[in-house]
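Participant: Sequence:
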Amino acid sequence: MINETLIDTPPQLWRTSELVDNARRYVDGDDERTPDRLFLALNTLTLVLARSGRAAQASELLDRGIQAADRLMRTDADAIRFGIECVINHADLLRYAGEPRAAIALLREVHELSSGRQPGRAEILGVDLVRGRDASPAVLGGAMFMLRLRSRISLLKTLVAVGAEAEALASARAAAEDSRGGDPPLDVALDYVAALDDDAPAAAPGSPPATAVEICQLIRLQSRTGRPLLPVEELDAAVDRVVAATEMHNPRTPILWRVAHARAADLDARVGHHVALMGDACVAAGDRRLHERALLFAGRDAGEARALFPDPRPDAGELDALTRAFAGCVDELDAPLAPAV
Numbered sequence: 001m002i003n004e005t006l007i008d009t010p011p012q013l014w015r016t017s018e019l020v021d022n023a024r025r026y027v028d029g030d031d032e033r034t035p036d037r038l039f040l041a042l043n044t045l046t047l048v049l050a051r052s053g054r055a056a057q058a059s060e061l062l063d064r065g066i067q068a069a070d071r072l073m074r075t076d077a078d079a080i081r082f083g084i085e086c087v088i089n090h091a092d093l094l095r096y097a098g099e100p101r102a103a104i105a106l107l108r109e110v111h112e113l114s115s116g117r118q119p120g121r122a123e124i125l126g127v128d129l130v131r132g133r134d135a136s137p138a139v140l141g142g143a144m145f146m147l148r149l150r151s152r153i154s155l156l157k158t159l160v161a162v163g164a165e166a167e168a169l170a171s172a173r174a175a176a177e178d179s180r181g182g183d184p185p186l187d188v189a190l191d192y193v194a195a196l197d198d199d200a201p202a203a204a205p206g207s208p209p210a211t212a213v214e215i216c217q218l219i220r221l222q223s224r225t226g227r228p229l230l231p232v233e234e235l236d237a238a239v240d241r242v243v244a245a246t247e248m249h250n251p252r253t254p255i256l257w258r259v260a261h262a263r264a265a266d267l268d269a270r271v272g273h274h275v276a277l278m279g280d281a282c283v284a285a286g287d288r289r290l291h292e293r294a295l296l297f298a299g300r301d302a303g304e305a306r307a308l309f310p311d312p313r314p315d316a317g318e319l320d321a322l323t324r325a326f327a328g329c330v331d332e333l334d335a336p337l338a339p340a341v
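Just so we're aligned: 190 in my numbering is position 190 of the sequence shown, and the numbers increase by one with no gaps anywhere.
In short, the hints are calculated from the structure, not lab data. Don't take every hint at face value.
Capping the alpha-carbon separation at 25 Å, the derived lysine to any residue pairs in SDA-like fashion look like this [what the hints assert, rightly or not]:
1) Lys157 to Arg133
2) Lys157 to Glu247
3) Lys157 to Gly53
4) Lys157 to Asp315
5) Lys157 to Pro231
6) Lys157 to Gln57
7) Lys157 to Gly142
8) Lys157 to Glu167
9) Lys157 to Gly272
10) Lys157 to Glu214
11) Lys157 to Pro100
12) Lys157 to Leu295
13) Lys157 to Glu332
14) Lys157 to Leu47
15) Lys157 to Ser136
16) Lys157 to Gln118
17) Lys157 to His111
18) Lys157 to Asp240
19) Lys157 to Leu229
20) Lys157 to Ala102
21) Lys157 to Glu99
22) Lys157 to Ser59
23) Lys157 to Gly286
24) Lys157 to Ser115
25) Lys157 to Phe145
26) Lys157 to Leu125
27) Lys157 to Glu304
28) Lys157 to Ile124
29) Lys157 to Cys329
30) Lys157 to Ser223
31) Lys157 to Thr75
32) Lys157 to Arg101
33) Lys157 to His273
34) Lys157 to Gly116
35) Lys157 to Ala105
36) Lys157 to Pro254
37) Lys157 to Asp236
38) Lys157 to Ser171
39) Lys157 to Ser52
40) Lys157 to Leu113
Construct the entire structure; sequences and hints are all you get.
Facilitator: Quick look at the structure:
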């Protein structure tokens, strides 16, 4: 079973103090009180609540967010983007609350909707899809793209959580194949190809890998055979070409490939070099999750990353008071939309 630390989390979502500060600044009036600012704070605060074992409290806050988005949609259909994000976060909360099967069911519904296979659907979790159809094409298209991307990532995380390895791998293959058509490759899908795909080619390809998927298949094959199938210099050159030609979901992912390949070649010094580069890049970006993955790929303890990413948690009483104050702000929201950011 692949370790869940290999599953992608957006790098901006790791530092609890920053997540809490979004809501605190909104409540205190330090940030301009626009819908964009409010829903950013809403979604990050619910993540903190869920991580703190308060999934029910987080779910209630998201429900208030959906109601606030509905009020905004009465005058501007573009507010559907806020309701849509609350829906996908609800699915994540089900996983935190120990209900992964319910999360999987909702995520599949969400993916069907975002892929255009439910054109007549009227609502989802209280979000008015009929009114939302009047949103501008750019906003509606962006909301559906975000929904499709997030649902795929969350579905893979949840399938891992329930031990559905074969199903997770099938979903990862589909996402990886979609990336050939121009979508940004999902880190999570590529990781599964690299770590689990035993249907990768049985022999080394006749030419260096030309896509992110092919690089990950090569890494998987090397793991299975226990030997490098391409000289490190050729792999580095292939990675450079892929990076130049591909829009990566996470621009630090190619360092991970270099770590895995150098380890297969027993080049400890090169492994250490790439892990150090990854540490610098991830600390600069706040990307703890990818640094943990690099350590695992290097055969090290992922816990080494913790010292680089201190993450103090808020006091329980302070978190309760902030949540109550912020919920009041959500309930008061009934104003014209600020421009989309």
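Participant: Does each hint fit the structure? Answer for all of them.
Facilitator: Outcome of the hint check:
1. Lys157 to Arg133: With a Cα-Cα distance of about 30 Å, the restraint between Lys157 and Arg133 is violated, given a limit of 25 Å.
2. Lys157 to Glu247: This hinted pair holds, its Cα atoms lying about 22 Å apart.
3. Lys157 to Gly53: holds, 18 Å
4. Lys157 to Asp315: violated, 28 Å
5. Lys157 to Pro231: violated, 33 Å
6. Lys157 to Gln57: This hinted pair holds, its Cα atoms lying about 22 Å apart.
7. Lys157 to Gly142: holds, 23 Å
8. Lys157 to Glu167: holds, 11 Å
9. Lys157 to Gly272: violated, 28 Å
10. Lys157 to Glu214: holds, 22 Å
11. Lys157 to Pro100: With Cα atoms ~10 Å apart, Lys157 and Pro100 stay inside 25 Å; holds.
12. Lys157 to Leu295: holds, 19 Å
13. Lys157 to Glu332: violated, 34 Å
14. Lys157 to Leu47: Holds, because 15 Å separates the two Cα atoms, which is no more than 25 Å.
15. Lys157 to Ser136: violated, 32 Å
16. Lys157 to Gln118: holds, 24 Å
17. Lys157 to His111: Holds, at roughly 14 Å.
18. Lys157 to Asp240: Violated, because 29 Å separates the two Cα atoms, which is more than 25 Å.
19. Lys157 to Leu229: violated, 30 Å
20. Lys157 to Ala102: Cα-Cα ~13 Å, so holds.
21. Lys157 to Glu99: holds, 13 Å
22. Lys157 to Ser59: holds, 19 Å
23. Lys157 to Gly286: Cα-Cα ~20 Å, so holds.
24. Lys157 to Ser115: holds, 19 Å
25. Lys157 to Phe145: Measuring from Cα to Cα gives roughly 19 Å; hence the hint holds.
26. Lys157 to Leu125: holds, 21 Å
27. Lys157 to Glu304: Holds, at about 23 Å.
28. Lys157 to Ile124: holds, 22 Å
29. Lys157 to Cys329: violated, 32 Å
30. Lys157 to Ser223: holds, 22 Å
31. Lys157 to Thr75: violated, 36 Å
32. Lys157 to Arg101: Cα-Cα ~12 Å, so holds.
33. Lys157 to His273: Judged against 25 Å, a Cα distance of about 30 Å means the pair is violated.
34. Lys157 to Gly116: holds, 23 Å
35. Lys157 to Ala105: holds, 13 Å
36. Lys157 to Pro254: At roughly 21 Å apart (the allowed maximum being 25 Å), Pro254 and Lys157 satisfy the hint.
37. Lys157 to Asp236: violated, 29 Å
38. Lys157 to Ser171: holds, 11 Å
39. Lys157 to Ser52: With a Cα-Cα distance of about 19 Å, the restraint between Lys157 and Ser52 holds, given a limit of 25 Å.
40. Lys157 to Leu113: holds, 20 Å
When each numbered hint is compared with the structure, violations occur for hints 1, 4, 5, 9, 13, 15, 18, 19, 29, 31, 33 and 37.
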